[in-house]
Amino acid sequence: MTRNLLTLASALALLATPAAADTLKIGMITTLSGPGAGLGIDIRDGFALAVEHAGGKLGGQDTQVIEADDQQKPDVAVGLANRMVERDRVQVVTGVVWSNLALAMLPTLAGGQTFFISPNAGPSQLAGAQCNPYFFNAAYQNDQIHEAVGKHVQDEGFKKVYLMAPNYPAGKDGLAGFKRYYKGEVAGEVYTQVGQLDYAAELAQLKAAAPDAVYVFYPGGMGINFIKQYEQAGLKGAVPLFGPGFSFDQDILAAVGESALGVKNSAQWSPDLDNAANKKFVADFKAKYGRIPSMYAAQGYDTALLIDTAVKAVDGNLKDKDKLRAALASAKLQSLRGEVAFNTNHYPIHNIYLREVVKGADGAVTNKTVATVFTNHADAYVKDCPMK
Amino acid sequence: MDALLLVEQGLNGLQLGVMLFLMAAGLTLVFGIMDLINLAHGTFYMVGAYLTAALVPVLDSFPLALAAAVLLTALLGLVVEAVALRTLYRRDHLDQVLATFGLILFFNELVKIVFGPVPIFLNPPAALAGTVDLFGLKYPAFRLAILAVGLAVAVFLWLLIARTRVGMLIRAGATNREMVMALGVDVRLLFGLVFALGCGLAGLAGAMAGPVLAVQVGMGEQILILTFVVIVIGGIGSIRGALAGALLVGMVDTLGRALLPAAFRLVMDAANASAAGAALASMAIYVLMAVVLAIKPKGLFPAH
Chain U
1 MTRNLLTLAS ALALLATPAA ADTLKIGMIT TLSGPGAGLG IDIRDGFALA VEHAGGKLGG
61 QDTQVIEADD QQKPDVAVGL ANRMVERDRV QVVTGVVWSN LALAMLPTLA GGQTFFISPN
121 AGPSQLAGAQ CNPYFFNAAY QNDQIHEAVG KHVQDEGFKK VYLMAPNYPA GKDGLAGFKR
181 YYKGEVAGEV YTQVGQLDYA AELAQLKAAA PDAVYVFYPG GMGINFIKQY EQAGLKGAVP
241 LFGPGFSFDQ DILAAVGESA LGVKNSAQWS PDLDNAANKK FVADFKAKYG RIPSMYAAQG
301 YDTALLIDTA VKAVDGNLKD KDKLRAALAS AKLQSLRGEV AFNTNHYPIH NIYLREVVKG
361 ADGAVTNKTV ATVFTNHADA YVKDCPMK
Chain B
1 MDALLLVEQG LNGLQLGVML FLMAAGLTLV FGIMDLINLA HGTFYMVGAY LTAALVPVLD
61 SFPLALAAAV LLTALLGLVV EAVALRTLYR RDHLDQVLAT FGLILFFNEL VKIVFGPVPI
121 FLNPPAALAG TVDLFGLKYP AFRLAILAVG LAVAVFLWLL IARTRVGMLI RAGATNREMV
181 MALGVDVRLL FGLVFALGCG LAGLAGAMAG PVLAVQVGMG EQILILTFVV IVIGGIGSIR
241 GALAGALLVG MVDTLGRALL PAAFRLVMDA ANASAAGAAL ASMAIYVLMA VVLAIKPKGL
301 FPAH
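These protein sequence lines are chains U and B, in that order.
Here the first sequence is numbered in the numbering used here, starting from 1 and rising by one per residue.
Here the second sequence is numbered in the numbering used here, starting from 1 and rising by one per residue.
Hints were generated in silico from the structure; no laboratory data involved.
Backbone N, C-alpha and C fix where the C-beta goes; we use that ideal spot for every residue, glycine too.
Mixed in with the good hints there might be a few duds.
Stated by the list, open to error - The list that follows gives simulated cross-link-like pairs (lysine-lysine, DSSO-like), each with its CA atoms no further than 30 Å apart:
hint	chain 1	residue 1	chain 2	residue 2
1	B	K298	U	K73
2	B	K112	U	K279
3	U	K286	B	K138
4	U	K368	B	K112
5	U	K288	B	K112
6	B	K296	U	K236
7	U	K159	B	K138
8	B	K138	U	K359
9	B	K112	U	K280
10	B	K112	U	K359
11	U	K279	U	K332
Unchecked claim - If we take Cβ atoms under 10 Å as the criterion, some of the chain B residues that face chain U in the derived model are:
hint	residue
12	Q15
13	L105
14	T131
15	A209
16	A275
Said to hold, decoys possible - Residues of chain U placed beyond 10 Å of chain B at every Cβ, according to the derived structure:
hint	residue
17	T23
18	G38
19	I41
20	K57
21	V76
22	G111
23	Q125
24	K228
25	E231
26	A255
27	V256
28	T309
29	G316
30	N343
31	M387
32	K388
Construct the entire structure; sequences and hints are all you get.
Spelled out as structure tokens, the structure:
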């Protein structure tokens with residue numbers, strides 16, 4: 001009898017435990033080694049700073065972030081996604097940098113009813129026909145960034161633009177996005193090998209085509225190679241260079257220095273955006289990590305803010321997936337770039353800014369906002385998404 | 001396409017070839033003489049670039065930083081050879097591949113810890129940052145410098161190998177290692193020197209490539225594959241082969257990228273021509289390798 005009473009008492013005690021004691025477990029699967037590591041490390045660090053600002057409790061819940069390195073390899077990423085679902089039982093997975101990895105991981109995560117919030121990769125597939133109830137993007141749809149420069153170049157009256165990108169899906173999407181708003185003549189459209197080192201041959205052809213502007217999409221190391229060689233070929237002063245923010249962000253600027261000065265590029269965020277949250281973020285990031293944050297770091301931070309907002313909205317009840325999904329989808333995110341809303345395909349509706357590479361007051365090369373190209377801009381694929 | 005553009009593309013091909021030669025010369029020496037497959041050759045290229053980038057602000061001179069970086073990379077090679085590789089000479093190639101692959105991972109992490117994960121800054125010295133006017137052709141000055149350094153190294157290696165005692169031993173070692181050992185040559189010392197020389201050359205390649213390319217973790221692996229193609233085409237162990245192979249690969253790669261899309265445009269529309277040209281150009285050097293190996297299975301200038 002005593003024993004039964006004890007059992008009953010402990011059962012009651014369990015029932016009495018408030019739902020708010022759930023620990024929020026987040027899987028941070030990102031690229032921490034290899035040539036792409038700079039991006040993943042910035043996302044991770046930006047995210048960690050947001051958790052720290054929230055006192056270790058996103059949405060008021062004890063937050064545990066489990067890190068894993070996907071090595072920029074789809075197979076490794078899928079294995080890690082499986083581990084996060086089966087063993088670590090996380091409620092949310094984030095961190096993904098690359099579109100091809102996001103596409104590979106989604107079936108595993110959605111199958112395991114785990115929310116997948118991308119802090120960077122925004123492939124057109126997942127915005128359109130393959131949009132998914134478990135997939136969210138806190139950053140942008142890939143094309144949006146390219147569209148902004150296309151519009152700017154069109155508005156500036158350039159008539160003959162030379163286009164270059166790596167020969168892979170994101171490269172083709174990028175130039176397609178640019179051409180969605182640029183209507184002038186295309187002097188040349190060149191696709192180079194992914195990871196190409198030497199651009200001398202392409203630059204000679206470019207010079208011979210005599211364009212009045214050049215648009216390039218070269219993220220990471222390819223961007224560094226290209227920008228250095230563009231200047232050394234004497235083209236920098238002669239033909240204006242444009243690109244998406246990925247080709248001229250902090251990870252690249254640190255390596256090319258003044259070679260990129262004056263280049264106009266586009267992004268949904270800039271270190272100088274004038275709002276209190278952003279100023280605090282930039283100052284604290286610099287103080288903690290000793291470098292200027294990149295757009296990837298800001299996206300990591302915004303992703304954490306989105307989780308924070310949604311978990312707060314459901315009062316920490318992480319078990320009810322439908323409620324959590326509704327909270328994520330309807331979040332009015334107070335991000336580092338002002339208020340961001342989400343479309344029916346779970347991609348952001350937000351402003352895209354034009355930035356210029358400048359030398360800051362402290363001598364560091366960085367980006368400065370010069371114009372707002374799009375206000376509350378939705379992506380081009382949402383009409384193909386069956387979610388309403 | 002006009003003649004001037006063709007000349008420029010030829011120069012580009014020559015310059016890429018010379019760059020590859022700097023890498024290939026060291027790799028082929030080590031492979032041919034020590035019978036060691038050194039996957040970590042690219043690591044020394046990376047170390048050379050990082051040391052140059054780190055030393056330029058300290059020494060305030062690109063040539064001085066370059067010289068110091070090359071020496072330090074060669075020294076590092078000497079240490080790595082003594083500590084890690086000496087025990088591997090008698091093991092089979094697979095063990096060597098595993099061990100030197102381990103070295104790649106070790107040094108990549110080490111560089112990341114010391115210099116951070118983000119690519120670091122290195123630009124050409126101010127005097128070579130612009131372009132030079134070559135009979136109406138504006139050509140990047142630093143690329144001409146790469147060309148000059150590469151050709152100087154080729155001459156230096158030829159003198160070293162053809163005209164000195166050490167060179168004689170190297171040639172003998174490449175041709176018949178057992179006989180050289182039997183004659184009482186201190187093979188241990190010879191191997192150490194050859195390895196350090198190879199590493200110094202890789203460091204020089206890295207230092208010269210740094211201002212043109214991204215100085216980042218993993219940069220060595222990107223160029224290593226091309227380098228292996230070069231020495232296989234040229235004939236393993238042969239410096240002459242490395243030079244011929246490098247120039248051939250540089251030319252075929254550059255002219256392929258320059259001419260193939262234009263050639264395809266004659267028979268199809270621009271978008272498809274660009275895609276098909278790019279795809280074929282990226283295969284061109286491997287097709288070249290296959291053709292060379294079909295005709296001369298030991299490469300153009302076999303050492304053995």
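Hints and how they fare:
1. B:K298 <-> U:K73: This hinted pair is violated, its Cα atoms lying about 35 Å apart.
2. B:K112 <-> U:K279: 29 Å, holds
3. U:K286 <-> B:K138: 41 Å, violated
4. U:K368 <-> B:K112: 29 Å, holds
5. U:K288 <-> B:K112: Satisfied, since the Cα-Cα distance of roughly 18 Å is no more than 30 Å.
6. B:K296 <-> U:K236: Status violated; Cα separation ~45 Å.
7. U:K159 <-> B:K138: 25 Å, holds
8. B:K138 <-> U:K359: Holds - the C-alpha atoms of U:K359 and B:K138 are around 28 Å apart, at most 30 Å.
9. B:K112 <-> U:K280: 28 Å, holds
10. B:K112 <-> U:K359: 26 Å, holds
11. U:K279 <-> U:K332: 20 Å, holds
12. Q15: 7 Å, holds
13. L105: 9 Å, holds
14. T131: 4 Å, holds
15. A209: Status holds, d = 8 Å.
16. A275: 6 Å, holds
17. T23: 29 Å, holds
18. G38: 4 Å, violated
19. I41: Nearest chain B Cβ is 5 Å from U:I41, so the label is violated.
20. K57: With a cut-off of 10 Å, U:K57 remains clear of chain B, as the shortest Cβ separation is near 28 Å.
21. V76: Nearest chain B Cβ is 15 Å from U:V76, so the label holds.
22. G111: 32 Å, holds
23. Q125: 20 Å, holds
24. K228: Its Cβ does come within 10 Å of chain B, the nearest being 6 Å, so this is violated.
25. E231: 8 Å, violated
26. A255: 4 Å, violated
27. V256: 7 Å, violated
28. T309: 30 Å, holds
29. G316: 35 Å, holds
30. N343: Holds, since 30 Å exceeds 10 Å.
31. M387: Per Cβ check, U:M387 is outside 10 Å of chain B; nearest 33 Å; holds.
32. K388: Holds: least Cβ distance 35 Å, greater than 10 Å.
In terms of the numbered hints stated before, the structure departs from hints 1, 3, 6, 18, 19, 24, 25, 26 and 27, listed from lowest to highest.
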